[in-house]
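Chains as they are written, first to last, in our numbering: chain D, 1 to 443; chain V, 444 to 513.
Hints are supplied without guarantee of correctness; some may be wrong.
Under 8 Å between C-beta atoms, here's a sample of chain D residues computed to sit facing chain V [as the list claims (entries may be wrong)]:
1. Arg-2
2. Phe-6
3. Thr-8
4. Ala-16
5. Leu-26
6. Trp-130
7. Ile-405
8. Glu-409
Just so you know, these hints were derived from the structure itself, not from any lab. Ideal placement from N, C-alpha and C gives every residue a C-beta, glycine not left out.
So the chains spell out like this:
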Amino acid sequence: MRSLFFTTAIFAMLPAAFFSPFVAVLLWSYISFGSPQRLTWGISDAIPFALVVGLTGILGWLVVERRKIPNDPTTWLLGGFILAYTIATYFAIVPAEAWPKWWLTTKAMIYVFVTAALLTNRVRIHALMWVMVIAVAFYGIKGGIFALVTGGNYRIWGPPQTVIGDNNQIAAALVVLLPLINYLGRQSKNELLRMGSRVAMGLCLLSVLASYSRGSFLALIAMLPFLLQHSKRKVISGVVIVVALAFSIGFMPAQWVERIQTIQTYQQDSSAEGRIEMWEAATKMALARPLVGVGFKGPYIQTVMDQYSPGTTARAVHSIWFEVLGENGFPALFFWVALAAVAIQNCRYIIRRTKNVPKLKWANDLAHMSMVGLVGYYVGGSFLSLSYWDFYFTLLVMLAATRRIVVAELAPEPKRLLFSPGAARAAARTRLSAARPALGAGD
Amino acid sequence: MEAIFFLIGLGGIIMVIHWSVVNDRAGNNGVTTGFFAMREPEEPVAKPLAGVVAKQRGAVAQPSVRQRRG
Chain D
1 MRSLFFTTAI FAMLPAAFFS PFVAVLLWSY ISFGSPQRLT WGISDAIPFA
51 LVVGLTGILG WLVVERRKIP NDPTTWLLGG FILAYTIATY FAIVPAEAWP
101 KWWLTTKAMI YVFVTAALLT NRVRIHALMW VMVIAVAFYG IKGGIFALVT
151 GGNYRIWGPP QTVIGDNNQI AAALVVLLPL INYLGRQSKN ELLRMGSRVA
201 MGLCLLSVLA SYSRGSFLAL IAMLPFLLQH SKRKVISGVV IVVALAFSIG
251 FMPAQWVERI QTIQTYQQDS SAEGRIEMWE AATKMALARP LVGVGFKGPY
301 IQTVMDQYSP GTTARAVHSI WFEVLGENGF PALFFWVALA AVAIQNCRYI
351 IRRTKNVPKL KWANDLAHMS MVGLVGYYVG GSFLSLSYWD FYFTLLVMLA
401 ATRRIVVAEL APEPKRLLFS PGAARAAART RLSAARPALG AGD
Chain V
444 MEAIFFLIGL GGIIMVIHWS VVNDRAGNNG VTTGFFAMRE PEEPVAKPLA
494 GVVAKQRGAV AQPSVRQRRG
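In isolation and in its complexed conformation, chain D is listed as follows (with noise of 0.2 Å):
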């Protein structure tokens, strides 16, 4: 049945997706962020829903709607980015399993792109918003459902054969949702939006710590000051982020405490230790190949593991920095971390030009909640393997977007324009195209 719902879905949204290509932005970004499909079974399993989708768009970017990519930082960054795994994919010492990540990695880093063209005014970003939110928080408010009704006993795991798959890459997304959930809630005129963001919040949270994820139970407290530090009303703020924070902890067992604690006691913890292990294997590799690393999934296997890190087990390095640095050496890590920092700048950028322009409030909020959530990411995800998180690439090319509109929106009026010739020209077509019909009526 759900199949057949969602089979229809997209198909009926096709047409649509070709003639306004940023509905295949939002369809595409809701299959690739939230994998629906996975949750599906029938007709649906046979149809590659990303790839129609992707191509609808596309097509419909280039025919219809051809707009150009930003010339940006981050574009121009990520650009770079995808020129370093390249290379390095190029020399990946096991080709055979580096070149399919790369395809993973880099269909969804086009989409990136048609996205930033695409996003050209609020109403395109706030709607990618909500599809962001929504396709990741349904995992959330699913698994912050099923803790509540079994006690916080059982982890919560993310959809199968996804990059959040795992119960720490569920967590630190969900992490990194939070504020963005938050944001939709300040933002909405609607009471009943508000209402839900909030419940979406504390289901989320209760998520999170049903994870059993110690590096986004990190994240969540390291997001704190940052929350509080962008919250108008500070001490309410935080005695609900307290009064929050308390109740969800309260509500889980014995067991989630025990494990919690084990952060104090990382060196007698096998999990914690074989993490540090990883990455000194990790940084071991891209000392041995600075320029290109071992290549994607080059430290899950045990034969290129033997050869830089003799003794170690192969498996993922669980931190997003050492992952980039490990596989693709030490350029791909330069512009991983230039994305970041390019994208805290927007973040600054923003916050410090819209501070008291009513008309870019949502501009002020969206910047002070993803950089909560870019602050959860880095933290939660310096203990775990989600460097080539779409959704993330997603929030800074957003960013940029809310950039560019905050700089037109706050740009002097255009007096230069009156004083150029071609507006000039233009001005006194306009004038006399509108004197003629008066002239005409005189007649």
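With chain D's structure known, arrange chain V on it following the hints.
Relative to the frame of chain D, chain V by itself:
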């Protein structure tokens, strides 16, 4: 339960897509409408000064005084 959430999510996505197409022309400064309508900036309401209010009241009262005299 999961099926219901799935359908609500899918319905939500369709509604957002519809909202974005309908409101696309609102651009950066126009007023958005519909279920996902964004909050618009509140117009700053200037408080009239006490003296001005008193003057306005007097101005309203004056014609009726004149009418009575007439």
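**Asked** Out of the numbered hints, which ones does the structure contradict?
**Response** Hint 3 is the one this structure does not satisfy, whereas the remaining hints hold.
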